[in-house]
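Chains as they are written, first to last, in this note's numbering: chain A, 82 to 277; chain B, 634 to 1273.
What the hints contain is simulated information worked out from the structure, not anything from laboratory work.
Among these hints, one or two may not hold up.
Label pairs and their computed distance ranges (CB to CB) [unchecked claim]: (1) G233(A) with D913(B): 45 to 53 Å; (2) T1231(B) with I220(A): 34 to 42 Å; (3) S217(A) with P659(B): 38 to 46 Å; (4) T212(A) with P1130(B): 41 to 49 Å.
Anything over 10 Å on all C-beta distances counts as not near chain A; from chain B, calculated [unchecked claim]: (5) M735; (6) T869; (7) K985; (8) D986; (9) A1005; (10) G1023; (11) R1154; (12) D1240; (13) P1257.
None of the values given here were measured: they were computed from a predicted structure.
Idealized CB from N, CA, C, for every residue including glycine.
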Amino acid sequence: MNRLPSIFMILAAASLSLLFFFPMWKIYLDAPQYPEGLEMHIWINKIGGDSEFTLQNFNILNHYIGMAPIDANSFKELEIMPLFAFGFIGTALLLALFPKRGLIMTWLVLLALAGIAGISDFYLWLVKFGTDLDPSAPIKVPGMTYIPPLIGSKQLLNFHAFSFPSIGGAGIGLAMLFGALAFWKTYAKKIKKEEI
Amino acid sequence: MTSCNVKSKGSPDGTDDAARKVYVAPGEHDEFYAFLSGGFNGQVSVYGMPSGRHLKMIPVFSQHAENGYGYSEESKALLNTTYGNIPWDDLHHPKLSRTDGMADGRFLFVNGNNTPRIARIDLTTFETVETLEIPNSAGNHCSPYPTNNTEYVVAGTRFSVPISDEGGIEDIELEKLNEYYRGSISFIKVDDKSGEMDLEFQILVPGFDYDIANGGKGPSEDWIFFTAYNSEQATTLKEVNASLHDKDFVAAINWKKAAEYVKQGKYREIPAEYFHNKMDKKTHVASSEVKKKVKVISPEECPDIMYLIPTPKSPHGVDVDPSGEFICVSGKLASMVPVHSFSNMLKAIENKDHVDVFESIPILKYESVLAAEVKDIGLGPLHTEFDGKGNAYSSMFVSSEIVKWRLKDFEILDRIPVYYSVGHLMIPGGDTHKPDGKYLVAMNKITKDRYLPTGPELCHSAQLIDISGDKMKMLLDFPTIGEPHYAQAIKADIVAPKSKKIYRLDENEHPHATLKEADTRVERDGNIVRVYMTAIRSHLAPDNIEGIHLGDTVYFHVTNLEQDWDVPHGFAVKGARNAEILIMPGETKTLEWIPTKTGVTPFYCTDFCSALHQEMQGYARVSPEGANVPIKYWLGDPKK
Ligand SMILES: [Cu+2]
Chain A
82 MNRLPSIFMI LAAASLSLLF FFPMWKIYLD APQYPEGLEM HIWINKIGGD SEFTLQNFNI
142 LNHYIGMAPI DANSFKELEI MPLFAFGFIG TALLLALFPK RGLIMTWLVL LALAGIAGIS
202 DFYLWLVKFG TDLDPSAPIK VPGMTYIPPL IGSKQLLNFH AFSFPSIGGA GIGLAMLFGA
262 LAFWKTYAKK IKKEEI
Chain B
634 MTSCNVKSKG SPDGTDDAAR KVYVAPGEHD EFYAFLSGGF NGQVSVYGMP SGRHLKMIPV
694 FSQHAENGYG YSEESKALLN TTYGNIPWDD LHHPKLSRTD GMADGRFLFV NGNNTPRIAR
754 IDLTTFETVE TLEIPNSAGN HCSPYPTNNT EYVVAGTRFS VPISDEGGIE DIELEKLNEY
814 YRGSISFIKV DDKSGEMDLE FQILVPGFDY DIANGGKGPS EDWIFFTAYN SEQATTLKEV
874 NASLHDKDFV AAINWKKAAE YVKQGKYREI PAEYFHNKMD KKTHVASSEV KKKVKVISPE
934 ECPDIMYLIP TPKSPHGVDV DPSGEFICVS GKLASMVPVH SFSNMLKAIE NKDHVDVFES
994 IPILKYESVL AAEVKDIGLG PLHTEFDGKG NAYSSMFVSS EIVKWRLKDF EILDRIPVYY
1054 SVGHLMIPGG DTHKPDGKYL VAMNKITKDR YLPTGPELCH SAQLIDISGD KMKMLLDFPT
1114 IGEPHYAQAI KADIVAPKSK KIYRLDENEH PHATLKEADT RVERDGNIVR VYMTAIRSHL
1174 APDNIEGIHL GDTVYFHVTN LEQDWDVPHG FAVKGARNAE ILIMPGETKT LEWIPTKTGV
1234 TPFYCTDFCS ALHQEMQGYA RVSPEGANVP IKYWLGDPKK
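Could you put the whole structure together from the sequences, leaning on the hints where they help?
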């Protein structure tokens, strides 16, 4: 009996669980005054940084340009996303027990859709924070918005911003890869059966 | 242009080589921290070595208007003494705390010479955290010398004074002074973990002038050695009358035995009033405790704790080599350096090789203890340090030079002129078990033409000398702040990683802290008005305050809400007969302001903290006494 699809689904579940141990995304800020850099970490269930004071320091800097303070408690997503993650991990483990081809495909498509939804939601937040600025902000540069890059780097006044997925985010990608492998292996099994 | 008429001023061969050795490129860090005492400025200056760049001034015994040390309500108590709050002292000797005979980079101990005090500086914050007044002392000069594991920090008197058995210093006729006066050696216990000091006991000793001390190491680590001059016991025209004898003394004290005697209860407790001032780690508020008693022991009742070794002539520095065997003494009026042998001393004690007894204290025979005299070493020897490679370096005040000599055969190897009149010299770890013999710092008393003139008052100066090779090489002159009497240096990587960046706001237990802006307020209690203020880039909250009246005493308790490195805020009020305060991130500091004029009075942040620092300001309205103006305050919203 071919165990590979089950093993791949277990690996997919394990990859997704990385979300609870590592940030999904990291935004780095570099400025002349911050040689040590500022690192904001976006987790599936919280927002933090390389030090526990990063968010406060981000917000102090951002208030000059009128950016709304980032407050982890105000994001519904940070409550909903973990539930989705648990759901995908649970269903992946069920599929490891019953590696049905069609269901694996469905799981894969749903995970991809959830990932796209998450990234889109993240981007919309970046746009909202970067453009919805307090009109009474002390520093106003005509025409300037402060949308950090989704992936890649961008100069925002004195700050150089870099944004990249982190290990947690990579876990989603890995889970999709393992899901696809599981699917492929069930497919291979089927072809073998037909040949006989 | 040629410069054949310009005489060399000690520049080494070419100067390129020297320049390269002291050049620390922009953004790079120095290899060592050097802590130079400021002498009459009562402070410690921190320099990077080898660059000679000044990094920080640490106020200790002197008020420092720049950051409010000694002016803020939190720090005032550190300057409390039985004479009152004394805002100045003469700070001579920095000594790093030690573990296993090596500087451990935890604390720096320093002495106040004038109003006898010892202070402890915490090297995670580079701030003074404790001061201890020394009773029964005058001229706290041979101080603060640590034992090998900082079991004790030892402090001795330069002036002997009539110490009364009933406590205090007696009022007696000066013409009879020498019949009554005594010196005291204080043993300050240092807590292993916290570093906190406690005056455990004092040894009352003959009325000489005790000048410098140093603890033994290895075989001699139970001992501490003091130079004692004025064995003539003169009390007037000392420059002549205290210089009559050919030999004065080195006093060798077995501190372990002395401590045992105290443990066995062989002490008397006499009244003694002295202040112990501590900065609380959690509240950042210093408080004072007045101690009322001190345990004293005397060499008479506790035999074998003290011996006198005759030593030429008006000895100053006493330095123990890294092995702990050689005790090098610099007789400032001698032209040689006598080197005593610790093992000879033990033999002489065992064989009762005494030439005399002074008030029950055995005087050992000079020739029996001596290892050698380093002859023709120069004029006015003051101090010696060691490079750990078998060499000693002695400073010559009168002949203005550093002389390198060998411990193996006491031969002189090299000499280098210094500019001018060197007092102390320092090699990193040069007073410890394991010196780092790469650099030597000469601290000079006179600078004359070495720098651009600045009127009658000129800077003092340090000179950095390369001692890594056979020949000493002059590398760098750098002006110092105040008059450095001694210095300590330690590898930066022992201290730097532990340097604090912020104070945690969630650990701030200051009784008047305001931990968030929503809690800012102004409260009146009789004539006391307390402003619970916060500072964060770029505003003070509240920034408009009404209801202050003439006759009020206003306390601004300012909490810096920042939790980011290098973002202090300052605070100053127009007309405050006080200094400013600098508040570090997460810290609360208090400025007292007693308004003397009615009217609108501005206050502002003094430390350029941000792009909108100039906006970080506010107003306090001062109304006449009895005016009907209620307390009112706001930030951004006058309806509050
Ligand atoms: Cu400020």
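### Message
I'd like to know which numbered hints this structure contradicts. Please list them from smallest to largest.
### Response
Structure breaks no hint.
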